[in-house]
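Protein chains: 2
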Amino acid sequence: MKKTKVIISGAGLAGSLLASCMAKQGFEVEVFERRADMRKGSVEGGRSINLSLSNRGIKALQKIDMAMPVLKEAIPMTGRLMHSVNGDLAYQPYGVEGQCINSVSRSGLNLKLIEYADTFPNVKLNFSSKVIHADFDKTSITVENDNGVEETHHADFIVSADGAFSPIRNLMQKYLRFNYSQNFENYGYKELEIQPNEDGSFKLDKNALHIWPRGEFMMIALPNPDGSFTCTLFMPYEGEVSFEKLMSKNDVNTFFNTYFADILPLVENLEEMFFRNPIGSLVTIRCNPWVRGKIALLGDSAHAIVPFYGQGMNAAFEDVAVLDTLIKNKKEETTWEEVLEEYQKERIANANAIADLALQNFIEMRDLVAKPEFLEFKRVENLLCKYFPDKFKSQYELVTFSDLSYSLAQKSGEANSKLINYLIENQLVDIDEKKNEVESAIQQFNIQYTE
Amino acid sequence: MKKTKVIISGAGLAGSLLASCMAKQGFEVEVFERRADMRKGSVEGGRSINLSLSNRGIKALQKIDMAMPVLKEAIPMTGRLMHSVNGDLAYQPYGVEGQCINSVSRSGLNLKLIEYADTFPNVKLNFSSKVIHADFDKTSITVENDNGVEETHHADFIVSADGAFSPIRNLMQKYLRFNYSQNFENYGYKELEIQPNEDGSFKLDKNALHIWPRGEFMMIALPNPDGSFTCTLFMPYEGEVSFEKLMSKNDVNTFFNTYFADILPLVENLEEMFFRNPIGSLVTIRCNPWVRGKIALLGDSAHAIVPFYGQGMNAAFEDVAVLDTLIKNKKEETTWEEVLEEYQKERIANANAIADLALQNFIEMRDLVAKPEFLEFKRVENLLCKYFPDKFKSQYELVTFSDLSYSLAQKSGEANSKLINYLIENQLVDIDEKKNEVESAIQQFNIQYTE
Numbered sequence: 019m020k021k022t023k024v025i026i027s028g029a030g031l032a033g034s035l036l037a038s039c040m041a042k043q044g045f046e047v048e049v050f051e052r053r054a055d056m057r058k059g060s061v062e063g064g065r066s067i068n069l070s071l072s073n074r075g076i077k078a079l080q081k082i083d084m085a086m087p088v089l090k091e092a093i094p095m096t097g098r099l100m101h102s103v104n105g106d107l108a109y110q111p112y113g114v115e116g117q118c119i120n121s122v123s124r125s126g127l128n129l130k131l132i133e134y135a136d137t138f139p140n141v142k143l144n145f146s147s148k149v150i151h152a153d154f155d156k157t158s159i160t161v162e163n164d165n166g167v168e169e170t171h172h173a174d175f176i177v178s179a180d181g182a183f184s185p186i187r188n189l190m191q192k193y194l195r196f197n198y199s200q201n202f203e204n205y206g207y208k209e210l211e212i213q214p215n216e217d218g219s220f221k222l223d224k225n226a227l228h229i230w231p232r233g234e235f236m237m238i239a240l241p242n243p244d245g246s247f248t249c250t251l252f253m254p255y256e257g258e259v260s261f262e263k264l265m266s267k268n269d270v271n272t273f274f275n276t277y278f279a280d281i282l283p284l285v286e287n288l289e290e291m292f293f294r295n296p297i298g299s300l301v302t303i304r305c306n307p308w309v310r311g312k313i314a315l316l317g318d319s320a321h322a323i324v325p326f327y328g329q330g331m332n333a334a335f336e337d338v339a340v341l342d343t344l345i346k347n348k349k350e351e352t353t354w355e356e357v358l359e360e361y362q363k364e365r366i367a368n369a370n371a372i373a374d375l376a377l378q379n380f381i382e383m384r385d386l387v388a389k390p391e392f393l394e395f396k397r398v399e400n401l402l403c404k405y406f407p408d409k410f411k412s413q414y415e416l417v418t419f420s421d422l423s424y425s426l427a428q429k430s431g432e433a434n435s436k437l438i439n440y441l442i443e444n445q446l447v448d449i450d451e452k453k454n455e456v457e458s459a460i461q462q463f464n465i466q467y468t469e
Numbered sequence: 019m020k021k022t023k024v025i026i027s028g029a030g031l032a033g034s035l036l037a038s039c040m041a042k043q044g045f046e047v048e049v050f051e052r053r054a055d056m057r058k059g060s061v062e063g064g065r066s067i068n069l070s071l072s073n074r075g076i077k078a079l080q081k082i083d084m085a086m087p088v089l090k091e092a093i094p095m096t097g098r099l100m101h102s103v104n105g106d107l108a109y110q111p112y113g114v115e116g117q118c119i120n121s122v123s124r125s126g127l128n129l130k131l132i133e134y135a136d137t138f139p140n141v142k143l144n145f146s147s148k149v150i151h152a153d154f155d156k157t158s159i160t161v162e163n164d165n166g167v168e169e170t171h172h173a174d175f176i177v178s179a180d181g182a183f184s185p186i187r188n189l190m191q192k193y194l195r196f197n198y199s200q201n202f203e204n205y206g207y208k209e210l211e212i213q214p215n216e217d218g219s220f221k222l223d224k225n226a227l228h229i230w231p232r233g234e235f236m237m238i239a240l241p242n243p244d245g246s247f248t249c250t251l252f253m254p255y256e257g258e259v260s261f262e263k264l265m266s267k268n269d270v271n272t273f274f275n276t277y278f279a280d281i282l283p284l285v286e287n288l289e290e291m292f293f294r295n296p297i298g299s300l301v302t303i304r305c306n307p308w309v310r311g312k313i314a315l316l317g318d319s320a321h322a323i324v325p326f327y328g329q330g331m332n333a334a335f336e337d338v339a340v341l342d343t344l345i346k347n348k349k350e351e352t353t354w355e356e357v358l359e360e361y362q363k364e365r366i367a368n369a370n371a372i373a374d375l376a377l378q379n380f381i382e383m384r385d386l387v388a389k390p391e392f393l394e395f396k397r398v399e400n401l402l403c404k405y406f407p408d409k410f411k412s413q414y415e416l417v418t419f420s421d422l423s424y425s426l427a428q429k430s431g432e433a434n435s436k437l438i439n440y441l442i443e444n445q446l447v448d449i450d451e452k453k454n455e456v457e458s459a460i461q462q463f464n465i466q467y468t469e
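Chains A and B, in that order, give the protein sequences. Numbered by our numbering, the letters in the first sequence go through residues 19 to 469 in order. Numbered by our numbering, the letters in the second sequence go through residues 19 to 469 in order.
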């Protein structure tokens, strides 16, 4: 295949990973990033501080041999640790022995990916370069730099990896037959930091994702390599218990005392931090098509999702991996339009599936994990995973630890629920004692775990 | 109340009606319309030629005493007349004796409303004035005229009545917590004209909305005052029977011969007209909120819907009527924000309901109306309307001939279906013979027909 030029809008996580993938394939790659070069200054705020990296993201990083260096600095989390109001702890493993998700620093990972992309002589990175126009017929974008100078750049194909508020997607939206939705939750989030102990050690169990489920709101905490935790409080903007009700330091102190008493002693200057940090919003963005001419959307620009399945970055990295493979397999006679058409055909349904699953998981995390029926459901699910590892896969496992398409993981998960409810209704929950009956139930439900 | 200034973006149907309503209340009204003054030249193409006006729209026109002048030139349609493939006709009345919907000319009505608005000394109409910016904090819009001159105008409140592709709504979309979706059907539409007979008479029954239901596609025709009919063919863009399959005059001729043989002799130069006229698209737009600061969306700009319930204009006119009444009742101490908040609170759910109903009616019109089970359903529904006019109301009647909120009409319609299916399953369809049993069934279902 004749190697030609690709332009990538955005040097965030997905854009910088894609830049290296394309460079490895021999393309001339030019990247335009709205923000300043993060290697030269401080990181822009307003984004989540850490992210969870799992199988799909790791697989994509392996394409440029970056999985090991990234995992070396990540903190493995083997399960959820729930904190009740009175401080009791309950643990739920994410998978079987050895399966874990990994807390990584967003800015640390982004920095690594930019540094790596910059090692390729065929990659040109441009920062402080704002995309102000795209021409879908000419396959070009117009970029404005810090000095207000505008330049138009052409390429053989262009990828818009410029985030949930993508200017290129905004332009696509003006065309007929572009289906689009942006839906904000009535919830906002606020990040708070638990500093490490004086000796640098962690103040909570470091190998867990901590959850304080409180029904209509919740807090979570993920560990950082420096011994700190980043807590995120998810709460309605308005209503009985909500951000609008917390107007004074006293309100905040009372609120934490009532609902999160166990973390109060762990956070220094909690009240000040609370009012200093902004309230982030939670949006789900879906669109179809993702491609116009030879310009394609990728990552958050195509499918922003809420963070509750820990799959936002992993889904974006899987987009990169799929696109990279399709391009690698492109034949001389195949047009770019055909490659991009195949890319969107494969990805759109999967993006919609993980968007749904992420929304569902919010209810699970903030509410269900504290309910006895749900804990029983999870207990049975874990037993099925343990005793029938080849015949049963949990949805969490399929989404987080497998390569199965998100669409099929969604369908299998729904079928799993029917099976588990059947077992509970028919008193077949002592799985080790009733292996034969359970096995025939599994066969009867005939759940699909492969494409 | 101190009368102040209102700016209206858009002098289409809703905008020009609102201008007169506000002028009658004593406001200083300034209207900015992107298009040229339709009184001075030809009408811009690409819009549907006629529209159906029913109760909600008539009520709104009554506010400025324009209902009678408009209805005088309208053509009443008392029911649907279905044309089968072999030319058989089947008639379904829309309501009881005397109930009808009215075919009106879009441009004729718009012209009337603009002319009327212009009779008020406190209305200033500006044409060829494109809104390029809105400031939601300052309650202002910036408008560019034909010569590229930009001017910023302030008002006490501003209404965006500038259509499905509203520039003001596009600006709102950039703010957080603005929920928005645009969804295009995979169907396009094409308009064709049946000229009157040489003596000016109609070639089809003039007092009906004609439908050629063909399952996955359909044609409809509405009468015009000049003796012509405007036919609209609704068909998928792609697929087995679709616009993309009709590439030559021969294709078109074969297609009409196969599916719409009865209209072929009625249309002159059908094939030429087919290729001359554009393919229109069908979009549903929903958003929430409709108000930012003292700028509010109204009509298509807030809720574009598909045309299959004949309610697009009626819903927009109802927005105008509701807003007009709220403003009329505004007290000195009430802020504009509170009035607009009440307006959106009342209208958003209703707009979503009629959007859903319009989508459902497409399936009914193109497919169900040709099926025996549906005809039986409709027959039973008509008998219920006839024998229990005080106890049963059809959904069509509630939407088209009543003031009941669209939301409640939607709910009542769903409950109606359950009742009718119950009557069919229990062989209670000979309603005149089993009045007592049917009446007790109606009581049992206890369907709500009032707010």
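You may find that some hints are simply not true.
To be verified - Simulated crosslink set (EDC-like; lysine to aspartate or glutamate; CA at most 20 Å straight-line):
1. A/Lys363 / B/Glu256
2. A/Lys363 / B/Glu211
3. B/Lys363 / A/Glu203
4. B/Lys192 / A/Asp280
5. B/Lys224 / B/Glu211
6. A/Lys224 / A/Glu289
7. B/Lys363 / A/Asp280
8. A/Lys267 / A/Glu203
9. A/Lys192 / B/Glu203
Quick caveat, the hints were computed from the structure, so don't treat them as lab data. None of these values were measured; they are calculated from a predicted model.
Proposed proximity, B/Glu256 with A/Lys363 (alpha carbon, max 20 Å): At roughly 16 Å apart (the allowed maximum being 20 Å), B/Glu256 and A/Lys363 satisfy the hint.
20 Å Cα cutoff - pair A/Lys363, B/Glu211: Roughly 39 Å between the alpha carbons, so the hint for A/Lys363 and B/Glu211 is violated.
Hinted pair A/Lys224 and A/Glu289, Cα distance within 20 Å: Distance of about 24 Å is beyond 20 Å: violated.
Pairwise hint evaluation, A/Glu203 against B/Lys363, where the allowed Cα distance is 20 Å at most: Holds: B/Lys363 and A/Glu203 sit about 18 Å apart, inside 20 Å.
Distance restraint between B/Lys192 and A/Asp280, which requires alpha-carbon spacing of 20 Å or less: violated, 39 Å
20 Å Cα cutoff - pair A/Lys192, B/Glu203: holds, 16 Å
Hint consistency between B/Lys363 and A/Asp280 [alpha-carbon to alpha-carbon, up to 20 Å]: Roughly 41 Å between the alpha carbons, so the hint for B/Lys363 and A/Asp280 is violated.
B/Lys224 paired with B/Glu211 [C-alpha distance capped at 20 Å]: Holds: B/Lys224 and B/Glu211 sit about 14 Å apart, inside 20 Å.
Pair hint A/Lys267 and A/Glu203, alpha-carbon separation not exceeding 20 Å: Violated. A/Lys267 to A/Glu203 sits at ~26 Å, over the 20 Å cutoff.
Checked against the numbered hints above, the structure breaks hints 2, 4, 6, 7 and 8 and satisfies the rest.
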